[in-house]
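Residue-level listing of the chains:
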Amino acid sequence: MGLLPGVVVSLAPTHQHYLLEARQMQALSFTVHIPLVCFGIAFPAMVVYLEWLHHRTGQPVYRQIAQRWSKVMVALFAVGVITGTILSFEMGLLWPNFTATFGSVFGLGFAIEGFSFFTEAIFLGIYIYGWNRLSPRAHLLSGIPVIIAGFLGSMTVISVNAWMNHPSGFRLHDGHAIDVNPLQALFGNPYLWPELIHMYIAGYIVTGFLVAAAYALGRVRSGRWGRYERTALAIPLTIAAIASPVQVVLGDWISREVAQTQPIKLAAMEGLYKTTRGAPEHILGWYTDDQVKYGIAIPKLLSLLAYHNPNAVVKGLDTVPPKDRPPVNITRISFQTMVGIGTLMALLGVFFLGFRWRRRRLPDSPWFYRAVIAAGPLSVVALVAGWVTTEVGRQPWVVYDVMRTSQAVTNVPDLPIGYGTLAAVYLGVALAVLWLLRRLARAPMDTPPEAGPGTPRPGDADTGPAQAGAA
Amino acid sequence: MHLYVVPVIFVLAGLVFYTVLGGADFGAGIWQLIAPRGESGDRIRQHAHESMAPVWEANHVWLIFVLTVTWTAYPTAFGSIASTLSVPLFIAGIGIILRGAAYALRAGASTAGEARRIDTGFAISSVLTPFALGTCIGAIASRRVPVGNAAGHLISSWTGPTSILIGVIAVLSAAYLAAVYMAADAVRHDDAELVGAFRTRALIAGALAGAAAIAGLAVIHAEAKPLYHGLTTGGGLVALIVSVAAGMAAIGLVWFRRFEPARYVAALTVAAVVAGWGLAQQPVLLPHLTIAQAAAPYDTLVAVVVAVLAGGVILFPSLALLFRLFLTGHLAQSAPAAEPHPPHPGGSLPRGARPSVARLALAAFLAGLILVVFMDVEWGQLIGVACLIACVILGFLAVDPPALASGEEP
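First to last, the sequence lines map onto chains A and B. Here numbering that gives the first Met the number 0 is used: the first residue of the first sequence is 0, the next is one more, and so on. Here numbering that gives the first Met the number 0 is used: the first residue of the second sequence is 0, the next is one more, and so on.
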């Protein structure tokens, strides 16, 4: 951006002793919020699909699952609303200089997100509380804006993050952004699409595996395996199983974008100190003394992956002064965690799809269901690890190569008090949500779930024996 | 009018909506907090919950709207305000977490006792949040927020008389708005007892809010002379007179049990107060920072204004639908219930795997793989991504999970 780092501040220079705590507080808030975002992205589509199945077949089991899931959906949305609000507060509470300097560039993304959030909240309210107030068709349709808003919301928020990673659409003059073109900054950014689609697909994988894991747990633990449970497992599991291998390909795409636009982040992800022609890829290991130790080196693979040329030059951390380098081990281990778990999930998905193709039924082995149970929380770990990779890998910059995180931070003293308070409150919220989910899972069905396929369930007056036979 | 003023109007309008709608939500929490024990208290708490549950999230988004428009259109002012007022904003944030958590948890309550513990356990947030946000308004209005990164005093910036006053008024008017709103709701449910209970509450809270507002003029006169001057001359004076008249009319309407119009007149009161504040303070946003100086570059302002107007075209009809559904009970009585939904005769799902679709999905995956990995031009990669998304959809159809799940017995 043609300006010396260090002068970019709209408000005042900062003297914050607790920069690390501020970053951790932000990371905590993200970590709490991001899994809920996944449910905002993917859950409405699954619930609406089930309702559509009910409309199409008249079979009550679909409506029953849709109604029970929608209770979970609204509770998770409520928690997502509040954790998202905290994130928007933190834009000012933790990073006032960032917002003051660049709000005119990136702020529009959040302003548009506000409207998609409105749409989501309004139609979710209509959907959840409208089961018996709207005609069936109107009710089904009221779910559609929720799905669209979920996509638009992620798009606008990711557009801001993509801009922080690959900033454009402004010039700097005396620490002020001038010649601002917010649309160019947010939506004319080549980094937007890989990041958005990677996250959007992640939303389906996380939601799919987590929901499937709940029913896999019921099967393994207490043998609950009626039509209801099988359906409630098969739908999210199928989505996650197909999305996981696709995500591997998308991951390759985004990492090549990172190689081009943020070479230092790539160097940190790979632990590459020296700029290298034909750089090797290291699996596992620990970065110390400017190299990866105890790792398995595969010659030339990094050059091949990043530039499709085994002899390509990959920039190392040595191309920038030490103060411009991100923390390597956090970035690298997070990246490897994401890739490792992602690969395992893709294998699980391929196994499931292959089994379905060959045997035309759901697997029987308890080990398959144990793997699904593990995939649920592991998918969240992969999700968070991916975000840690991109956020820590961008350090020490909040806006890559333009503004340092240390320039963005607030001057407020005693940040650890706020950090501790928020951590305690979020711990309480997490426990409360666990309590709630167990409660919702144990709440008696409107009807017994074991009533086998085709048996009409009371409360679903719409099923006569004739339709029941069709099941 | 200059373009740089337009986002201020949006922000103030957003504040009015948040005060009227979000305020009623917090007010409902206040009435839950101070409801008597026992059966009648349980009914008040339950009614407060049911009135607000479908709409609280949408009401809450107004705050997000205010924040995002402010930081986009007036970034320097936003950074200064948020850093100096980080303590009350943090308190408000914690209050919002607790309030939202209470709504979420309510879904898991299986007995009246549990519901009571959740309502009252979290209801303190309903006092904290409007009070803390009110003190922030007071801090800005009394010019205690200088430009800079946490340049103002972290405590005394928001604990001055004007801040405390506006915090108290915010709590009282939240309680008042909620009581009016829930009285109207109780009328709809033909529940005379609840109507009476909330009418009394509305009258008490309204009288207290009005008294605080009038006494507040003296406080503002003592502490915030420029604001007082602005409120007692020109447009500010007009707004002040409108707000006093509307406030008294709203209480009168509650007295005569005309709750529905009372809500709109109460909203007008809030709007007049906020407008009066804006008129009294302009053109100054923060000390030594005018609105014109604080405004973002021209292109950003255009983008914000267009985005808000376009968003409004979607937002207001949607909001109207939501409120019509839940607040007037209009459709609740006239629309047929969803239950007697005629199933499609013989509408079972197509059975069995669909090899052709599966092959298509596989082909889409391979095409996507090759395009994404090996095309080095952007359009090629985007086509590849489209193939991958098609693969997910086709693959889902091919697997046909509903059929897969239906075929198997325990």
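Honestly, I wouldn't trust all of these hints.
[Stated by the list, open to error] Quick list of simulated restraints, FRET-style, between CB atoms:
1. Pro415(A) / Arg116(B): 25 to 35 Å
2. Ser355(B) / Asn328(A): 25 to 35 Å
3. Lys322(A) / Gly233(B): 53 to 63 Å
4. Arg116(B) / Arg441(A): 39 to 49 Å
5. Asp323(A) / Val305(B): 36 to 46 Å
6. Asn308(A) / Pro282(B): 54 to 64 Å
7. Ser355(B) / Trp51(A): 19 to 29 Å
8. Leu381(B) / Pro326(A): 51 to 61 Å
9. Pro326(A) / Thr289(B): 34 to 44 Å
10. Leu381(B) / Arg359(A): 47 to 57 Å
11. Val301(B) / Ala26(A): 47 to 57 Å
12. Pro145(B) / Val247(A): 49 to 59 Å
13. Val301(B) / Asp288(A): 49 to 59 Å
14. Phe255(B) / Ala137(A): 53 to 63 Å
No lab work stands behind these hints: they were computed from the structure. Backbone N, C-alpha and C fix where the C-beta goes; we use that ideal spot for every residue, glycine too.
Status of the hints after comparison with the structure:
1. At roughly 31 Å, the beta carbons of Pro415(A) and Arg116(B) sit within the given window of 25 to 35 Å.
2. At roughly 49 Å, the beta-carbon separation of Ser355(B) and Asn328(A) lies outside the given 25 to 35 Å, and the hint is violated.
3. Judged by the Cβ atoms, the range 53 to 63 Å given for Lys322(A) and Gly233(B) holds: they are separated by roughly 55 Å.
4. Between Arg116(B) and Arg441(A) the CB atoms are about 19 Å apart, so this pair departs from the stated range of 39 to 49 Å.
5. Taking 36 to 46 Å as the suggested C-beta distance range, the pair Asp323(A) and Val305(B) conforms, at roughly 38 Å.
6. For Asn308(A) paired with Pro282(B), a C-beta distance near 60 Å keeps the hint of 54 to 64 Å intact.
7. Ser355(B) and Trp51(A) have their C-beta atoms about 23 Å apart, which keeps the hinted 19 to 29 Å range intact.
8. As the Cβ distance of Leu381(B) to Pro326(A) is approximately 33 Å, the hint placing it in 51 to 61 Å is violated.
9. Taking the beta carbon of each, Pro326(A) and Thr289(B) are about 43 Å apart, inside 34 to 44 Å as hinted.
10. Under the hint 47 to 57 Å, the C-beta atoms of Leu381(B) and Arg359(A), about 35 Å apart, miss the expected range.
11. About 35 Å separates the C-beta atoms of Val301(B) and Ala26(A), a value inconsistent with the hinted range of 47 to 57 Å.
12. In this structure the supplied range 49 to 59 Å holds for Pro145(B) paired with Val247(A), their Cβ-Cβ distance being about 52 Å.
13. About 53 Å separates the C-beta atoms of Val301(B) and Asp288(A), a value consistent with the hinted range of 49 to 59 Å.
14. Between Phe255(B) and Ala137(A), the C-beta spacing of about 37 Å breaks the proposed range 53 to 63 Å.
Figure legend: structure checked against the earlier numbered hints; hints not met, in rising order: 2, 4, 8, 10, 11, 14.
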